[in-house]
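Going down the list, the sequences are from chains V and W.
Under our numbering, think of the first position of the first sequence as 1, with each following residue one higher.
Under our numbering, think of the first position of the second sequence as 1, with each following residue one higher.
Hints may be right or wrong, so weigh each one.
[To be verified] Listed next, the stretches of chain W that the computed footprint assigns to chain V, with coverage defined by at least 3 CB atoms under 8 Å from CB atoms of chain V: (1) 50-61; (2) 65-79.
[What the hints assert, rightly or not] Cross-link-like lysine-lysine pairs, in silico, DSBU-like; alpha carbons within 35 Å at most: (3) K88/W / K354/V; (4) K371/V / K139/W; (5) K62/V / K94/V; (6) K34/V / K62/V; (7) K62/V / K164/V; (8) K139/W / K164/V.
In case anyone wonders, no lab produced these hints; they're calculated from the structure.
All residues carry an ideal CB built from backbone N, CA and C; glycine is no exception.
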Amino acid sequence: MNTILLLTIGKEIDFQESFVRILTDWGLTAGVAKAIWLPIPMILVIVLATLLALVATWLERKISAAAQQRIGPEYIGPQGILVPVADVVKLVFKETTVPRQADHLLFTLGPILVIVPIFLSFLIIPFGQQLIISNIGIGIFLWIALSSIVPIGALMAGYASNNKYSLLGGLRSAAQSISYEVPLALSVLAVVMMSDSLSTIDIVAQQSSQGILSWNIWRQPIGVVIFWIAALAEAERLPFDLPEAEEELVAGYQTEYGGIRFMLFYASSYLNLVLSSLIFAILYLGGWSFPLPVELLASWLGVSDTAVWLQPIVFSVGMIATLFKAYLMIFVAILLRWTVPRVRIDQLLNLGWKFLLPISLLNLLLTALFKLMVPILFG
Amino acid sequence: MNLAEGVQLVSGGILAVMMIVTALGVVLLSNIVYSAFLLGGVFISISGLYILLNADFVAAAQILIYVGAVNVLILFAIMLVNKREDFKEIPGRWIRNASTGVVCAGLFALLGTMVLVTPWSVDSTSPAVIENTIVEIGKHFFSDFLLPFELASVLLLMAMVGAIILARRDLIPESMPRQETISTSLTLPERPRELTSIGATSGEEN
Chain V
1 MNTILLLTIG KEIDFQESFV RILTDWGLTA GVAKAIWLPI PMILVIVLAT LLALVATWLE
61 RKISAAAQQR IGPEYIGPQG ILVPVADVVK LVFKETTVPR QADHLLFTLG PILVIVPIFL
121 SFLIIPFGQQ LIISNIGIGI FLWIALSSIV PIGALMAGYA SNNKYSLLGG LRSAAQSISY
181 EVPLALSVLA VVMMSDSLST IDIVAQQSSQ GILSWNIWRQ PIGVVIFWIA ALAEAERLPF
241 DLPEAEEELV AGYQTEYGGI RFMLFYASSY LNLVLSSLIF AILYLGGWSF PLPVELLASW
301 LGVSDTAVWL QPIVFSVGMI ATLFKAYLMI FVAILLRWTV PRVRIDQLLN LGWKFLLPIS
361 LLNLLLTALF KLMVPILFG
Chain W
1 MNLAEGVQLV SGGILAVMMI VTALGVVLLS NIVYSAFLLG GVFISISGLY ILLNADFVAA
61 AQILIYVGAV NVLILFAIML VNKREDFKEI PGRWIRNAST GVVCAGLFAL LGTMVLVTPW
121 SVDSTSPAVI ENTIVEIGKH FFSDFLLPFE LASVLLLMAM VGAIILARRD LIPESMPRQE
181 TISTSLTLPE RPRELTSIGA TSGEEN
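Construct the entire structure; sequences and hints are all you get.
What follows is the structure, encoded as structure tokens:
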């Protein structure tokens, strides 16, 4: 990392170019160097996403403990930080069982179909100006499209388990995510309308001019609430965790699962939470931008923009800011989970179709109106 | 041939094979749930082919609409209304199968010759040159494809209004006699279990 940083001092950091240059200096051809580079960011992002999800499970334990005036995990590592690792080790070494009359193939395929689209969605998450796998034009739309595959996995798991609770859980999951996809997409569309682009990089760049004042959260007060409610419902977090409501359905479509297959479901729920929080941070909280523009701070301190050591600092501040905002939203989600009671299925569907959908359409219209009337403020 | 071309060739071949195999599975498998899941596979392979053709927006829209909405609704319908019924053997069933096969082969031949014979006017500009496909699609929608676009949206609006009227029971006149029949078609598609474990606990073993 240090050598790469040193090589690119004084200009925008481009990891791919520097990596390829190092390898070609060693005598490899440019094509081979590029082929070696290609899988590296993908593997890095998968590892990073998994780590973030593991931290989220630890936070869930600690915050739920604090909400119930307990201490929570304490002995496995300092403050129980190694509990997620112990969890993973336990689940990996557990025997994987399949119910005798279950559909073996679909039973295995279900959890895979749930987790793969979520990992793929991390493709569009910018952790910093340059820290994105691919700045594709359809950006945020890819996330909405991929998240619509997940209910198929849930339905598959529910059907294959050959269990009434599982099937009901799968059907609930599909119904829920179909109904909340619409307000989610409409609230994202309002943000997209302001930034004239679906690309996550452009969405953040449009918010970073005036620091905290130009974040979308001030310009989209209705959209923020709709997006967060719909994102919680998509991630099946507690006010909306009907597909796996313990009191009614044992564990929904996960009832018959154990071992590694269960771990895939468990990991995908936390990955989904991390993903939703990251996208919330990107859409509404200015992504990697610091509450005060870093360039402004630098000019106050009398540092020139082209200073050699400034780029790495801007870079790390951006990454820390993204993760901090995302974990702030994860904290809110966990707090909601341990303080808010679950809604009923009819309340859930009524809320989605009769309340969130009209309000999000109204929000879209208002955004279009303000964009036409006050183009300075609204992109 | 460089790396990118090789990857495109290989993935194009894989996607084409995947699409044909899953499509055959949809038609030929007797278990309707498998057919529905394989239909999702067909849609995903089509979207992969769109990506290879540089149509990224169409690919994502394909996944969102066909996999995320159409296929989920099909599965939903199958799982909610799953009438498990053993059909009787029909004598002379092979005649039906054979005639269906002939009709399908004829359709395939017709469409195949149509594709080969039609002088397609191929746009020589490579789609890879287009910077932002969404902007281009939007421009076409509001210029030369305005009428089809508006007609399609009116059609969808009509379908939506119709669905809402069908779903709102209070709009249907009450005059027709109501008869609440409990039909078995709404049972959940759980396969019957042998009740061995219950028998064992109540002491009827052996």
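Each hint, compared with the structure:
Given a C-beta distance limit of less than 8 Å, the hint that chain V covers the segment 50-61 of chain W holds, as 4 residues qualify and 3 suffice. Counting residues of the segment 65-79 of chain W whose CB falls under 8 Å from any CB of chain V gives 9; the rule of at least 3 is met. Between the alpha carbons of K88/W and K354/V the distance comes to roughly 46 Å, so the proposed pair goes past 35 Å and is violated. The suggested pairing of K371/V with K139/W holds, with an alpha-carbon distance near 20 Å, which does not exceed 35 Å.
Simply put, K62/V and K94/V have alpha-carbon atoms about 25 Å apart, close enough for the 35 Å limit, and the pair holds. Of the supplied pair hints, the one linking K34/V and K62/V is violated, its CA atoms being roughly 43 Å apart against a limit of 35 Å. Distance hint between K62/V and K164/V is fulfilled; the C-alpha atoms sit about 34 Å from each other, no more than 35 Å. Taken as a hint, the K139/W and K164/V pair is broken in the structure, with Cα atoms around 50 Å apart against an allowance of 35 Å.
Going down the numbered hints, you'll see the structure goes against 3, 6, 8, while the others check out.
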